[in-house]
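Full structure from sequences and hints, please.
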Amino acid sequence: MRNIVPVLTVIGAIIALWYAAAVPMNIKETLTQLERGGAEVTPPSAKDRRNLGHIGLIAANSFAARAALSQDRPRLPAPHQVAAELWDGTVDKKITSKRSLVYHGWITLSATLMGFAIGTGLGILLAVGIVHSRVMDKSVMPWAIVSQTIPIIALAPMIVVVLYSVGLQGLFPKAVISAYLSFFPVVVGMVKGLRSPDQMQLDLLKTYNANTNQGFWKLRLPASMPYLFASLKIGIAAAMVGAIVGELPVQGGGLGNRMLTGSYYGQTIQIWSALFAAAILAATLVAIIALIQRGTLKKMGLA
Amino acid sequence: MAPEQDTVISAQNLDLTFQTGDGPVHALKDVSLDIQKGDFVSFIGPSGCGKTTFLRCIAGLEQPTGGTLTVNNMTPDEARRARAYGYVFQAAGLYPWRSIARNISLPLEIMGYSKVDQKTRVDRVLDLVELTGFGGKFPWQLSGGMQQRASIARALAFDADILLMDEPFGALDEIVRDHLNEQLLALWARTQKTIGFVTHSIPEAVYLSTKIVVMSPRPGRIADVIDSPLPKERPLDIRDSKDFIDIAHRVRDGLRAGHSDGVS
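In the order they appear, the protein sequences are chains A and B.
When the letters of the first sequence are read in order and numbered with the working numbering, they come out as residues 136 to 438.
When the letters of the second sequence are read in order and numbered with the working numbering, they come out as residues 3 to 266.
No lab work stands behind these hints: they were computed from the structure.
Not one of these hints is a red herring.
Calculated pairs, DSS-like style, for lysine-lysine (alpha carbon to alpha carbon, straight line, at most 30 Å): (1) K121/B to K341/A; (2) K139/B to K327/A; (3) K117/B to K341/A; (4) K139/B to K341/A; (5) K353/A to K327/A; (6) K139/B to K433/A; (7) K117/B to K434/A; (8) K433/A to K121/B; (9) K39/B to K213/B; (10) K353/A to K121/B; (11) K234/B to K213/B; (12) K341/A to K213/B; (13) K121/B to K434/A; (14) K121/B to K139/B; (15) K31/B to K341/A; (16) K433/A to K353/A; (17) K139/B to K353/A; (18) K117/B to K433/A; (19) K139/B to K434/A; (20) K182/A to K163/A; (21) K353/A to K117/B; (22) K368/A to K327/A; (23) K39/B to K341/A.
Which residues of chain B face chain A? A partial, calculated answer using Cβ under 10 Å: (24) A61; (25) L63; (26) R83; (27) R85; (28) W99; (29) S101; (30) P109.
We put the beta carbon where it would ideally sit given N, CA and C, even for glycine.
Next comes the structure, spelled out in C-alpha cells:
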C-alpha cells in the first residue's frame, strides 16, 4: 500500500501538466469558434490573434479556458474527454459495435496473444539451439540482432502483402509481425538463462555422467526460469506493439486501425482513447505475467 | 611397479600443463601416489599447488598431459562413466528448486534408479549425514553446514566406493567445521569409503587423515607424504596429543620447505 502514494503523486502531476497544456494548445480554435458563435473575443481580428502567443490569448480571454477543455476536435484533448471516450467505448457501447473499444481491443489482443505464443515458442527453440550448437550460436545470433534493426513500420506492410499473396490474411499476418518483435527478447533472455549454471554445476552433472538431455531438463531449463519471465514481460509488450503496427495497413479493425482512422478524420479524442486502451491492455498483460512469475519462482525457491 | 592388490587410485609420474596466454603453467609435475582402499587421504598445500587439479584428474574432469593415472584399475574417464566416485565441491550447489530429498535423488534419477530404490537410498543417506526429517525442506531453509551435509549425502547416494571432496568445509566457520569433521570421520568408519580430501587447514588434514599429502606450488608437486600414526578412533581432543602436534609440525615443515623452493 505504501507504493500507491508515489504512484498516485506521479499520476496527479501528469494529469495537472496535461490540463495545463491542453488550454494553450486549444485556445486558438476555441476562440475562432466562440467568435463564430457571436461571443466577443480580444483581439477581435483573427490576424491579430495569430500574432499573439498562446499564453497571451489566454490572458486576454480567460473566460474561454473552460471551453478550450471541451472541444469536439481539440489538438490536445483534455484528460476527462479521453476518460469519457474510454468509458463510452468500453462500457456504453455494445461490444459488437464497430465503435466499441472492447471490440477493437479484442482484435488486437487476439493477434498479440497468437504472436506472443509463436514468438515465445520460436525464441525458446532458437535459444536451445544456440546454447547446444556452436554453429547455431555463430550463425543465428547475429541474424536475430540484425532482424531487430529493421524498422518494423517498414517491414509490416511487406509482411501483410506477401502473406496476402499466398492467401493468408486477417489474424495471422498481424500475429507474424507480433512474433517478429517478441521472439527477440525471449532468445536473448533464454540464451543467458540456459547458460546461467556455473562450471561447478556442470562439473557435478559430469561426475554423474549425465547426458546433454538430462543436463537440459534437470539443470539448464529450471535455472533459466527467472530469465525467461523477465523476457516474457518485454516480449508481450513488444508483441502488442507488433499487433498494432500490423493493424495500420489493413482494414480489419483493431486498436491500431482505430488510431489510424482517428488521425485521418482529425478525431483526436478517438486516437487518444485508443492509445490509452492499448496502454491499459499492455499493462494488464505484463501484470498477468508478473503474477505468474511471482507464483512460479516462489514455488521454485528462486524468488 | 605393479600396484598393490587393494590400490584404488594410482598415479605414476603424472604431469599436467595448462597452455595459457602467458605460456605453459605446470599445474602438476611428476606426481606419483598410491591410495589404498579405505584410506582417508588429505591433500594440503598453498593455492596453486595443484591439489584441486589432482583431485579433478582423478575425477576425470581434467586430462593429464603425461604419466599414468588409474582409478579402480580403469582410466579416470572410464571410472567416471562407471560412476566410481562421488564428488563434493566447495559450495553445496544444491538446486534451489528441489527439496533436499529431491536434490539427493538427482544423481539417482540420472542413473536410472527406480522410484522405490531412490526413496530408500535417500532415507539411508539422510540418516548417514544426520539430516533425517529434513528431506522435505528446501535448501534456503537450511544452514550452510546442513547444506554441505546434504551435498555429501548426494555424493553418497549411489554407492560409489570413492568419495572425492574439494575443500567441502572451506566456506564454513570453525565451530561448524569441527562438528562436520567429527561427523565425517564417523561416516567414513561406517561406510568404509576411500576418501580424497582437499583442504587448506593443517588441523583438519591431521585430524581426518590416514595419509597426508603435502604439496607445493610452481610446479605443483608432492613435497611430503605422511602416514598418520593416529588411531582410527579419534575424539576431538586428540588434537592436544603429542602425536597430533608432531604430525602437524611435519606438515607445516613440508609446507614451508615447498614454499621456499617455489620462491628461490
